[in-house]
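Chains as they are written, first to last, in the numbering used here: chain W, 1146 to 1810; chain Z, 40 to 306; chain L, 789 to 916.
Check before you lean on any hint, since a few could be wrong.
With a straight-line cut-off of 30 Å between C-alpha atoms, the simulated DSBU-like cross-links for lysine-lysine are [claimed, not checked]:
| id | chain 1 | residue 1 | chain 2 | residue 2 |
| --- | --- | --- | --- | --- |
| 1 | Z | Lys187 | Z | Lys110 |
| 2 | L | Lys808 | W | Lys1673 |
| 3 | W | Lys1629 | Z | Lys250 |
| 4 | W | Lys1495 | Z | Lys250 |
| 5 | W | Lys1485 | Z | Lys202 |
| 6 | L | Lys807 | W | Lys1485 |
| 7 | W | Lys1317 | W | Lys1443 |
| 8 | L | Lys916 | Z | Lys55 |
| 9 | L | Lys916 | Z | Lys135 |
| 10 | W | Lys1329 | W | Lys1174 |
Don't read these hints as lab results, they were simulated from the structure.
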Amino acid sequence: MQRIGVFVCWCGSNIAGTVDVHAVAEALKTESGVVFSTDYQYMCSQAGQDIIKNAIHEHSLTGIVVCSCSPRMHEATFRKTAAAAGLNPYMVEIANIREQCSWIHKDMLSGTEKAIILGKAAVAKVNLNAPLTPGQSTVTKRALVIGGGIAGIQTALDIADAGFPVDIVEKKPTIGGKMAQLDKTFPTLDCAACILTPKMVDAAQNENIRIYSYSEVTEVGGYVGNFDVTIKRKARYVKEDICTGCGLCTEKCPQKKVPNEFNLGMDNRRAIYIPFAQAVPKVATIDADYCTMLKTGKCGVCAKVCTAGAIDYNAKDEFVKEKYGAIVVATGYNPISMEKFDEFAYSQSKDVITSLEFERLTNAAGPTSGKLLRPSDGEHPHKIVFVQCVGSRCENCAEKGKEYCSKICCMYTAKHAMLIRDKYPDTDVYVFYIDVRTPGKAFDEFYRRAVEEYGVHYIKGMVGKVVPEGKKLLVQASDLINGKQLHIDADLVVLAAAIEPDKSARPLATMLTASMDTNDFFTEAHPKLRPVESPTAGVFLSGCCQGPKDIPETVSQASAAASKVIGLLVKDHLTGNPCIAQSNELMCNGCSSCERVCPYGAITYEEKEFRMPDRTTKLRRVASVNPAVCQGCGACTVACPSGAMDLNGFKNNQIMAEVDAICKM
Amino acid sequence: MGVIMKVTYFPGCTLKNKARDLDEYGRKSAEVLGITLEEPKAWQCCGGVFTTANDEIATKLSSVRLLRSAKDADQPLVTVCSACHNVVKQTNHAMKNDIVFRDRVNRYMAEETPYNGETTVYHYLELLRDVVGFSNVAMAVKKPLAGKKIGAYYGCLLLRPGKVLGMDDPENPRIIEDLIVALGGEPVIYARRNECCGGYVSAESPALAEKNSGKVIDNAAAAGAEMLVTACPLCKYNLEKYSSKLPIVYFTEILAEALGIKEEVNE
Amino acid sequence: MNNTELKKEILRISGVNVKKCMKCGKCSASCPAYDEMEFHPHQFASMIDNGEIEPLLRSDSLYRCLSCFACMERCPRGVEPAKLIEAVRLTAIRKQGANRMTADDVPQMLDDNTPGQLLVSAFRKYTK
């Protein structure tokens, strides 16, 4: 028989305002097993905790029920209190009479009645609680960062700085990501390459960092502290350790008509290529889709000119298996396709471009060597129209746009507009906006400079139609402030396309058993308090894979994720959660239902010998739970048809006792 | 080509009068392409425009009767005029998805069995694309249009509302362009091909129709079109009335021409 | 009916949720009849939301809307201004003697090529 203490918290007036706390304490006194019951103003305060500790000693309590706020808030607090008084922390139950009771009820009568019911349910459960002891596991002291953009690079650098080895897996031939494609960065206008490329070089030279470029993660197993990861190193047909990056092959390759993805297809590259001058690793890659040698067996020019002998046409994809203690997702973003927004004539005119294409058009290393020229005829545009929110904040167009605000467009558009006016004062710039959103340090000042100092025409309203006619783009738009429909004959139209998570994120989330929202952004463990952790232990989030963000925010989050990884890797052992599933092998019929529903892959089956009543032995197939992988979600206990699977701390009989206590009323 | 499908065909009022070309070229071409068009014995005008107000019942009943007759014949319903297509398809969509509207209509009509939007409605162009197939149309071509530069004029009724009509991408349609290619012509893409010509407002404000039609034709001409094709008698009327820059013909006419049966129709 | 009742009626028969509007003006930016209208598609949404129905009922804008659905197609929020205009127009012409067009107007609309479709459509939009 348990000896239970009940502690009802007022939470100031949060609970006591709608719940008669004395009545609750009184009512619970008579419940089975309860030997002590009281209430107090703030149970979580030092004085409140002391009341609990003293009661545990004085009344030799074996279990306690705290009627207070959500267990997400203070369960850990009260478990520590119990532990300090020598009680097993898993003998503590919380009855949530705040979020689930006082906050949602208006009158004292029904609030009190419900609080008593919730308290009774918790008492009924504690009566069946048993002390639990968490297990321990070891930690592999190496981290994996998936994605080599600015988010991944920063995370890797910070982890490496703390002395832990870290691998970056990047699917492209070079790290650098989107930031490498940008020209200037807001709000300080420093050149993106100037601040990014030193970090890329640092990553390459850091002895704790290993870069798997042109590689993809194909399989993830294991659990926090002990992930088993398979990495596919795609055949690049160039020996990475031998190639010197001299670039001779990329000049001599006769296949000149390959769309250059680094410049978003606005110019061509060769079939063997180095994406850009500061690429890391600075190694050539052969594009198998275009290489004449790989397709027909006839060419071999690159092998002939390579003095280092790095070309290997027979290369095959290789698979590397590696163990990691922590995984950081940094898979980044892409602008959405403009194909379905042809009211802006993106597919009809080369002079309608996206903002990322505009970055390349103004970048010194871009297709026009940094001169702002129209893609159609190479002429200098004199009237440029920017359209904001193309595909963002789009509730009606789930199949082509995004419901969320893409967050970065207002600022980069202000930057583009300002840079044009600075370099080409003879060019008129119009920005059509719905709202200008600039909530960042020195952001609004930046936007105002575009308007006040640089004379950019900001017009509140949206563009409805772009009509290419002759050499002009006729832009039809709303000017809501002046109540007019405007018709502007522009030379160039720039669309601020919404951004979306990289397409590799969804399959990766499945591999990691990490959750995603409906937009395919990774979900954080808590939107405010645990923003860089995924709900899956050992998996962390960095950059735009979690939601749209600009560079300053990405770098902050990248460092935050790194610190979380370091906090994990410094530990020699991890203490698990004892509230995990456990299979009663005698009842298990080996049906695999639990294995199929387990989202974490924690359940395996093994053949085990059992002694039968007639003293023979029999080999049976039974479920076995890996305690380090199980997250205690309970899905298996519901799926199990024989009742063999049970969740420690939430056993079937405990749940039923709670239900019974509620239904008795 | 043998008969591949029998369909209920709704010509609509204007095709019996000012837009006979649209009808006759369409009928003859369908025959050649293996589609039997069966016109219901009795039909009423669709009303020309769909009324979006959900309490309008009476104005949509003629379309419901038509849809029901196709259902009774167990055939898909084919329209060729953009306006009929728009009204009939929107009505069918409402009968299928708006339960309150459907129940009111069914109670009002008091037929033995209710009509619940079962009929498949095709525009003639969709029939060519989805049932016959443009590649089969191309194979049936006898007199290719020989690189003629043709602009497709969709106007508004053929494509919008996109989610209801479901015919093509309302901002970047391809269906008429693909037909032009199948017929051996060269489609000319121009941005105003899905902008309204002025429609029925030309009755109230000819100036508006003149402005809109003029913009459409100027844009098509600037893009290099030598002629425009349309599926709508009202578009053809407005475009011809307010600009003489380009010839405007029905898409069924170039279809008949390429199939080598244009003269046959005119005999 | 007063403005509050009118608003309710218009929202009911149009089935539109004007609260979805984020005031971007893309409807009016798309409208091919903009210059012919006193009140523009985005104003229909906000004026109906504000209960200012009377000025809309009196406005010729009701008869300039082409029902081309460009505003509906391009609205990022699914507000469907064309349905609002239709609902106001019907509210106006459903009143006794409020028909915009009569049979007497027909002769001056006719020329050799006038398609029946024009007359049918115009009558459906302008009369009850």
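For each hint, the structure was consulted:
no.	hint	in the structure
1	Lys187/Z to Lys110/Z	violated (40 Å)
2	Lys808/L to Lys1673/W	holds (28 Å)
3	Lys1629/W to Lys250/Z	holds (18 Å)
4	Lys1495/W to Lys250/Z	holds (28 Å)
5	Lys1485/W to Lys202/Z	holds (13 Å)
6	Lys807/L to Lys1485/W	holds (26 Å)
7	Lys1317/W to Lys1443/W	holds (26 Å)
8	Lys916/L to Lys55/Z	holds (25 Å)
9	Lys916/L to Lys135/Z	holds (26 Å)
10	Lys1329/W to Lys1174/W	violated (69 Å)
Hint check: violations occur at hints 1, 10; the rest are consistent with the structure.
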